[in-house]
Amino acid sequence: MEKTRQIDPIMDLKEHFKNKILEFFEKSETRYYLLIESKDLLEFVDYLFNKLNARYQIISALDTPAGIEIVYHFALDNHGKVISLRVILPHENTQIESIAPIITGAQWIEREISEIIGVKFLNHPDPRKFLLSDDWPEGIHPYRRKN
Amino acid sequence: MSSDKKRTMIPIGPYHPLQEEPEHFMLYVEGERVVDIDWKAGYNHRGIEKLAEGMTYDQITFLVERICGICSTSHPFAFTNAVEDLCGIDIPERAKYIKSIIGELERLHSHLLWVGLAGHFLGYDTVWMWAWKYREPVLDIMEAVTGNRNNYAMMKPGGVRRDIQKEDISAIMKMVDDLIPQTDLLLGAVQDDPMIHARTKGVGILTREQVKAYGAVGPTARASGVDIDVRRDHPHAAYNLVEWKVITGSNGDVYDKAAVRLLEMYESIKIIKQCLERLKLVNGPIDAKIKEVPPGHGLGHYEAPRGEVFHYIRSDGTNSPIRHKIRAPSYVNVPTFKATCIGETISDVALILAAVDPCYCCTERMTVVDMDTGKETMKGDDLIRLSREKTFRLRK
Numbered sequence: 001m002e003k004t005r006q007i008d009p010i011m012d013l014k015e016h017f018k019n020k021i022l023e024f025f026e027k028s029e030t031r032y033y034l035l036i037e038s039k040d041l042l043e044f045v046d047y048l049f050n051k052l053n054a055r056y057q058i059i060s061a062l063d064t065p066a067g068i069e070i071v072y073h074f075a076l077d078n079h080g081k082v083i084s085l086r087v088i089l090p091h092e093n094t095q096i097e098s099i100a101p102i103i104t105g106a107q108w109i110e111r112e113i114s115e116i117i118g119v120k121f122l123n124h125p126d127p128r129k130f131l132l133s134d135d136w137p138e139g140i141h142p143y144r145r146k147n
Numbered sequence: 001m002s003s004d005k006k007r008t009m010i011p012i013g014p015y016h017p018l019q020e021e022p023e024h025f026m027l028y029v030e031g032e033r034v035v036d037i038d039w040k041a042g043y044n045h046r047g048i049e050k051l052a053e054g055m056t057y058d059q060i061t062f063l064v065e066r067i068c069g070i071c072s073t074s075h076p077f078a079f080t081n082a083v084e085d086l087c088g089i090d091i092p093e094r095a096k097y098i099k100s101i102i103g104e105l106e107r108l109h110s111h112l113l114w115v116g117l118a119g120h121f122l123g124y125d126t127v128w129m130w131a132w133k134y135r136e137p138v139l140d141i142m143e144a145v146t147g148n149r150n151n152y153a154m155m156k157p158g159g160v161r162r163d164i165q166k167e168d169i170s171a172i173m174k175m176v177d178d179l180i181p182q183t184d185l186l187l188g189a190v191q192d193d194p195m196i197h198a199r200t201k202g203v204g205i206l207t208r209e210q211v212k213a214y215g216a217v218g219p220t221a222r223a224s225g226v227d228i229d230v231r232r233d234h235p236h237a238a239y240n241l242v243e244w245k246v247i248t249g250s251n252g253d254v255y256d257k258a259a260v261r262l263l264e265m266y267e268s269i270k271i272i273k274q275c276l277e278r279l280k281l282v283n284g285p286i287d288a289k290i291k292e293v294p295p296g297h298g299l300g301h302y303e304a305p306r307g308e309v310f311h312y313i314r315s316d317g318t319n320s321p322i323r324h325k326i327r328a329p330s331y332v333n334v335p336t337f338k339a340t341c342i343g344e345t346i347s348d349v350a351l352i353l354a355a356v357d358p359c360y361c362c363t364e365r366m367t368v369v370d371m372d373t374g375k376e377t378m379k380g381d382d383l384i385r386l387s388r389e390k391t392f393r394l395r396k
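So the sequences go chain by chain: A and B. For the first sequence, the working numbering gives the first residue as 1, with consecutive numbering after it. For the second sequence, the working numbering gives the first residue as 1, with consecutive numbering after it.
Hints are computed from structural coordinates only; laboratory data are not their basis. Here the structure is a predicted model, which is why all the values come from computation and not from measurement. Keep in mind that a hint or two might mislead.
Pairwise CB distance ranges, derived in the manner of DEER restraints [said to hold, decoys possible]:
hint, chain 1, residue 1, chain 2, residue 2, range
1, A, 127, B, 197, 40 to 46 Å
2, A, 15, B, 45, 44 to 50 Å
3, B, 168, A, 35, 45 to 51 Å
4, A, 93, B, 197, 52 to 58 Å
5, B, 162, A, 51, 45 to 51 Å
6, A, 50, B, 322, 31 to 37 Å
7, A, 51, B, 388, 53 to 59 Å
8, B, 380, A, 7, 47 to 53 Å
Interface residues of chain A toward chain B, partial, derived using beta-carbon atoms under 7 Å [stated by the list, open to error]:
hint, residue
9, 24
10, 62
11, 101
12, 102
13, 145
Note that the Cβ used here is the ideal one computed from N, Cα and C, for glycine as well.
Bound conformation, chain A alone (with noise of 0.2 Å):
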């Protein structure tokens, strides 16, 4: 793997994409989440994958009062830091594009995602159902909460 050790990459992420960083919050010298448009995200995630090298971890996905909210983790291990991508998407319109024609390890991830709590992954390779029978009914997301 490409060393990159002389170049900050937060800065340099920070500085790529200076209007498009909503919230920026350094939880502390290894944690930096970054809040983004769901619009941006294939920006992001290509840059962050194929320019910084991050090396990809896993998507999280949480039904919150505030919409579903996605966060895609990176590690950049040559610099022992790990920056989370968030994503929020409103109840009413729970889709987003997907990151597998990129990142190849992200199919399984996001099928399930899109199974337990329902959301539509665009132009992803391969939507089959993954954890629940293909009989499953469809509608019923079960990590979805109630109200």
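Could you slot chain B onto chain A? The hints should help.
What follows is chain B alone, placed relative to chain A:
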């Protein structure tokens, strides 16, 4: 799936006499050659992420310990890292050494277990018996130090629950010293045996690019020459206080995955011995008291024997998290089969699947819904009731 008549599907699982855990691989073969592979999950539900939302942070440590029987301390390790990250606290130095000792002892027994299984899959049962015999003293030490052979309950947010006593230090030291010639023996068996070379070299190759694309972790990634290890790259516990190195391979085949694991055992032994020496000198508390958990994000990871275990918690400032996301290493390692199995023969695939050291129970979930009414028929309480009924039946 293809309508091509030449293509046959061979199911492995969901319940297979050779595998202890329910997983369902579908191997699509043309003759002997595997042309595609697919995977279906959802056969073994425990609902751990959901259960965690109803428990306190202290209770969750015990809950996540039960995710995996083999790397039972890795999940609490990562989870306590996450809670400590959320609270912004540093743990006492003595606790750091104890955490690393327990983590590395676990790596030793896990790698020995794997080496044994790999030998067994190859038909080399001598390696299997050796490896499992040498694993016993590690488990005995675990029992002496923690009270249990597995599920040690050593971790807690802020430190560890039990100290390592002075008299135990020499016993652990002797055990790991004895393990060195035994590891030499196993390494020799792998390095010198032409049959193992023939079966594993050049088989199931995972390239560096594929490691990145799939986000593979642990020995699976390191065997391909990808130099990542959470213990070194994201310093925590005692891993930046002692001398050791990250082992990498170069070819990404089954042989390198085996070699990386065996060589890692020497590093684990090095870490354990240094930590034990420091324990003789460093006194003080073994835990930091956590008074309250603030609202916000907590992210913790740890290098389990199979790769990075990842825990993310979201807190609203109460006693329980509002979301607890867990990612076990197999969740990102198993998808690499798509890259490593296609083009290989059926007999090699069994070995390639084993080479990742997959652990299926880590990520499963399930809910039961009535098809006619569309309503959930099984809730958490129902599953507990079913479980109790079965226990009573078995007791009779």
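Against the structure, the hints:
For the hinted restraint 40 to 46 Å between residue 127/A and residue 197/B, the CB-CB distance of approximately 42 Å keeps it satisfied. Taking the beta carbon of each, residue 15/A and residue 45/B are about 45 Å apart, inside 44 to 50 Å as hinted. A C-beta distance of roughly 48 Å is found between residue 168/B and residue 35/A, which places it inside the suggested range of 45 to 51 Å. In this structure the supplied range 52 to 58 Å holds for residue 93/A paired with residue 197/B, their Cβ-Cβ distance being about 56 Å.
In this structure the hint that residue 162/B and residue 51/A lie 45 to 51 Å apart at CB holds, the actual value being about 46 Å. About 33 Å separates the C-beta atoms of residue 50/A and residue 322/B, a value consistent with the hinted range of 31 to 37 Å. The supplied range of 53 to 59 Å is met by residue 51/A and residue 388/B, whose beta-carbon atoms lie about 54 Å from each other. In this structure the hint that residue 380/B and residue 7/A lie 47 to 53 Å apart at CB holds, the actual value being about 48 Å.
For residue 24/A, the interface hint is violated, the least distance from its beta-carbon to any beta-carbon of chain B being 13 Å, above 7 Å. The interface hint given for residue 62/A is met, as the beta carbon of that residue sits about 4 Å from the closest beta carbon of chain B, less than 7 Å. The interface hint given for residue 101/A is violated, since its Cβ lies 11 Å from the closest Cβ of chain B, which is over the 7 Å cut-off. Because the smallest distance between the Cβ of residue 102/A and any Cβ of chain B comes to about 9 Å, over 7 Å, the interface hint for this residue is violated.
Below 7 Å, beta-carbon pairs count as interface contacts, and residue 145/A has none with chain B, the closest being about 10 Å; its hint is therefore violated.
Hint compliance for this structure: hints 9, 11, 12 and 13 are broken, all remaining hints hold.
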